[in-house]
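Asker: Those protein sequences? They're chains A and B, same order as listed.
The first sequence begins at 1 in our numbering and counts up one residue at a time.
The second sequence begins at 1 in our numbering and counts up one residue at a time.
Think of the hints as simulated: they come from the structure by calculation, not from any bench.
Here a beta-carbon is modelled for each residue, glycine too, at the ideal position from N, C-alpha and C.
Do not take every clue at face value.
Derived contacts from chain A toward chain B, CB cut-off under 10 Å, selection only [as the list claims (entries may be wrong)]:
| # | residue |
| --- | --- |
| 1 | 75 |
| 2 | 77 |
| 3 | 110 |
| 4 | 113 |
| 5 | 136 |
| 6 | 300 |
With a cut-off of at most 27 Å between alpha-carbon atoms, the simulated DSS-like pairs for lysine-lysine come out as follows [claimed, not checked]:
| # | chain 1 | residue 1 | chain 2 | residue 2 |
| --- | --- | --- | --- | --- |
| 7 | A | 73 | B | 26 |
| 8 | B | 178 | A | 335 |
| 9 | A | 59 | A | 31 |
| 10 | A | 63 | A | 31 |
| 11 | A | 133 | B | 128 |
| 12 | A | 47 | A | 73 |
| 13 | A | 63 | A | 133 |
| 14 | A | 63 | A | 73 |
| 15 | A | 59 | A | 73 |
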Amino acid sequence: MNFYITSFGIGIGLFAFTALFALFAVYAERKVSAFIQDRLGPMETGKFGMLQTLADGLKLIQKELIIPAAADKYLFMLAPAIIFLAVYMGFAAMPWAPGLEPTHMNLGLYYIFAIIAIETLGILMAGWGSNNKYSILGAMRSVAQIISYEIPAGFALISVVMIAQTLNMQEIATQQGILSTESIKFLGFWDVSKIGGFFGWNIFRAPHLIIAFVIYFIASLAESNRAPFDIPEAESELVAGFHTEFTGWRFAFVFFSEYSMMFLVSMISVILFLGAWNTPLPNIGSVHLAAWTTGTAWGIIWIVIKTLSLVGIQMWIRWTLPRLRVDQLMNLCWKVLTPLAFICMLISGVWRLWLM
Amino acid sequence: MNIAQILFYLMSFITLTSAIFVASTKNLVRSVFMFFITLLGLAGLYVLSLADFVAITQVVIYVGGILVLILFAFMLSGKETLDAIQKQKNQFISANKAASVILAVLFFVVLILMIFKVDVNNLVWIKKAIGQNSDIKLNSNMTDNIGINLMTRYLLPFEAISILLMMALVGAAHLSRKEQRQ
Numbered sequence: 001m002n003f004y005i006t007s008f009g010i011g012i013g014l015f016a017f018t019a020l021f022a023l024f025a026v027y028a029e030r031k032v033s034a035f036i037q038d039r040l041g042p043m044e045t046g047k048f049g050m051l052q053t054l055a056d057g058l059k060l061i062q063k064e065l066i067i068p069a070a071a072d073k074y075l076f077m078l079a080p081a082i083i084f085l086a087v088y089m090g091f092a093a094m095p096w097a098p099g100l101e102p103t104h105m106n107l108g109l110y111y112i113f114a115i116i117a118i119e120t121l122g123i124l125m126a127g128w129g130s131n132n133k134y135s136i137l138g139a140m141r142s143v144a145q146i147i148s149y150e151i152p153a154g155f156a157l158i159s160v161v162m163i164a165q166t167l168n169m170q171e172i173a174t175q176q177g178i179l180s181t182e183s184i185k186f187l188g189f190w191d192v193s194k195i196g197g198f199f200g201w202n203i204f205r206a207p208h209l210i211i212a213f214v215i216y217f218i219a220s221l222a223e224s225n226r227a228p229f230d231i232p233e234a235e236s237e238l239v240a241g242f243h244t245e246f247t248g249w250r251f252a253f254v255f256f257s258e259y260s261m262m263f264l265v266s267m268i269s270v271i272l273f274l275g276a277w278n279t280p281l282p283n284i285g286s287v288h289l290a291a292w293t294t295g296t297a298w299g300i301i302w303i304v305i306k307t308l309s310l311v312g313i314q315m316w317i318r319w320t321l322p323r324l325r326v327d328q329l330m331n332l333c334w335k336v337l338t339p340l341a342f343i344c345m346l347i348s349g350v351w352r353l354w355l356m
Numbered sequence: 001m002n003i004a005q006i007l008f009y010l011m012s013f014i015t016l017t018s019a020i021f022v023a024s025t026k027n028l029v030r031s032v033f034m035f036f037i038t039l040l041g042l043a044g045l046y047v048l049s050l051a052d053f054v055a056i057t058q059v060v061i062y063v064g065g066i067l068v069l070i071l072f073a074f075m076l077s078g079k080e081t082l083d084a085i086q087k088q089k090n091q092f093i094s095a096n097k098a099a100s101v102i103l104a105v106l107f108f109v110v111l112i113l114m115i116f117k118v119d120v121n122n123l124v125w126i127k128k129a130i131g132q133n134s135d136i137k138l139n140s141n142m143t144d145n146i147g148i149n150l151m152t153r154y155l156l157p158f159e160a161i162s163i164l165l166m167m168a169l170v171g172a173a174h175l176s177r178k179e180q181r182q
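One chain only, chain B, in its complex shape (with noise of 0.2 Å):
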């Protein structure tokens, strides 16, 4: 096993468990928390996967946005709430439950089935992108890469998505902004 393998596993182990326990504790706040070491282990596998971008991408937009806004909203609802969701009945089994037990158990299938039907040595993209010597080496610039498709291929969607955005901006500044007395 060479150190990459050895890293691969240890940051798969990582996110693994860190996941297993922010969905299994009745902390809230300890599983937001949890919830970060998911995430930094699964920037490590992007980074392995040589996708440095997309790692800190997603340091950036979910351990600086996504996480902090989460434990704001914890800080703004007060102990009390918090106490009363841990102290909820939480029985294995129960009719509640059927829906997201069926979903995931659907999606598991789904997952082994891929799993096993993929065969991934030999996938036909990857051969592509080998054969017309686009694929991305160890040290190639990746940045540039994405720069130069967002803003000739993807123009269109990264524009929506702008658009999106700004709506989202003003929709929050209008509910925030203090009522006019008619």
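Next up, chain A with everything else stripped away, as it sits in the complex (with noise of 0.2 Å):
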């Protein structure tokens, strides 16, 4: 009975963590574009307007919920459920510090891929069931954009798991610090397995990983449809894009599950490329810093640290970048990122067989 409790409340654990995520990512989102244009941002609503998401929601959760005439009634009231299920379900895979993960799982990372694929039929559920034409474009250029940037993106993963020869994230995230049982080198040739810090993270064990890992965030702004790749939203084209019908609740949900893949994604490349729970600072001689800074608490703090300051350089990227049109974002995936994605994964395999 016991396992059942624990698994209930990580279920619900998750799901609050990720509804006040969404609630604070608004709050940022808005101060630091006000910041970026040099506006005040909100300021009415408590100190600093820190309680104007809180508001928002609450006036969400009052508003009546419209079901266009002509819309098919069922797909349209489901599909926000399933966009937030295929994110929420996402967690369910991630390690947050040494020994603590919500399920304990072989394929961990081939799960998440599979998880968020779930998210385009969700988005495609949306833009069909609304009988919209602005949600229909938006949804079929949504969809689009996620399955072409899933190539690059899957091979950047590879080549991570070529080098890491596991799919479990937890020892994915153990081999890049001093808990790690194999030996890590920097660069390919310094042991680094007792010094730990940076030095182990998996963009220094091989260089290339950083193409990689650039790679993988360029990808997943495109999966999680945020500026530059926005194009399913873009508000001078298509209102709102997929979501141009919904009110109320089922309105928030889409936006929570934005919201959400942010930081799952921000995560993925985190524990990939980062370092995971892993501390950024070595074992200096007799000062053990490593050592110190490494456990559970710290595990979380680290990774939520590193995960919040990738969500933080997606925001800025959104508010410094004009959207791309949809030619050049097609040229993007698959001139650019997919060709450098194969040579990565090509030279990923060379550096395991000699290097390591």
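Once you've looked at the hints, go ahead and assemble the two chains, each given alone in its own frame, into the complex.
Answerer: Written out as structure tokens, the structure reads:
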């Protein structure tokens, strides 16, 4: 019985976390955009407008749920739930600290890849169910984009898996710090198994993984439909893309899932490339900084800090770069990122065989 | 009944009812979305039989690839074409259906015969696997096994499939290219 109680506890905890994160992230996004555009952002509700998103949430819950007369009722109602569930289920395989993970999965990374694919289906469902040409155009753009960018993202992930030799997220995380059981080599020649710190991170274990990291980061922006890849929601052309017709808490769920998706993809890149819950501080001589800052609580702190900084960079990019055109988007994906990702995978194989 | 059995019956129920809905509904788009539920139910059944790799691969390929492609085809073909299909007259018994009815009945007979003939608890190949200790345990690592077998014993079929897929890719690229003016 205890097993079920903990399982449900973890599920509810993760749900509460995604909800809280969305509240925080919307506020942060508005403040970041205000800073970049030299405005103040929300200032009225609470000190520095800190209660603004809470007030927004209350407003959204009270709003009437409108179903357009011509819409396919069931598809329309189910779509936000499926979009959110797809992202939320992804969190099941994420390690938070040494020994702290919702599920122990041999195929963690592959599972996440599969779950993210379900989100595209939810988006198509929303677009088709709304029975509105803007929604359908938005959904089709979104799906075309996600499917294309899954390829460079997938190959960037495979190049890490070839170095790590496992799909288990927790094992990939453990390999990048002082808790590792195999020897880690900084740039392939300097054994840093005892030193740890940022030297052990995957991007420094094999330098071509820095390119893989950049590829994955760009592709993850596209997968979470963030600017500069926000053509699915292009306000100036499509009203609001696939979620044009949604109101009330259904709209809130679509919004929730966008922000959870940001956190999820950032967390994946942190786990695979930036040392997961490992500390960035190395052991220097008798000052065992790495050993002192490794543990369950430290692990959670490090992974949250790293992930939030990546989310911050995503926001920064959104408010800095203009939107790409469709043809530019596809050119970037197929002519630049995909070949580069293939080369990364090739180098990974050679690296694993001859340098590790 | 233990929890695994309850889960098995639940998954089978979901798979079967959604599959019947897929086959019987006239609303094509809904039937595609329902097919997604069927696939998820099947994936659950695979997980219950300790084939988690197959389950996830099925979700990646069918949900992420094939279903989305089918939906794309629907969305590009427009509402009128879909409505025309829905308005087709659908008699329960008609000569057009004879071939499919015969096929379905024959296949059903084969399935039923197989279920009655097989002694599930004493299958030879399963006994052999247990005897050689090469059966899959609850905590054994399946992906390593699949990877090693693909790269050694089944290397030729694997490569043949990759060449086939390559041909399909080249063909698709050729078809979608703009025609050159002469």
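Asker: Hint by hint, note whether the structure agrees.
Answerer: How the hints compare with the structure:
no. : hint          : verdict
1   : 75            : holds, 6 Å
2   : 77            : violated, 12 Å
3   : 110           : holds, 5 Å
4   : 113           : holds, 6 Å
5   : 136           : holds, 6 Å
6   : 300           : violated, 27 Å
7   : A:73 / B:26   : holds, 16 Å
8   : B:178 / A:335 : holds, 18 Å
9   : A:59 / A:31   : holds, 20 Å
10  : A:63 / A:31   : holds, 25 Å
11  : A:133 / B:128 : violated, 59 Å
12  : A:47 / A:73   : violated, 41 Å
13  : A:63 / A:133  : holds, 24 Å
14  : A:63 / A:73   : holds, 18 Å
15  : A:59 / A:73   : holds, 24 Å
Hint compliance for this structure: hints 2, 6, 11, 12 are not met, and every other hint is.
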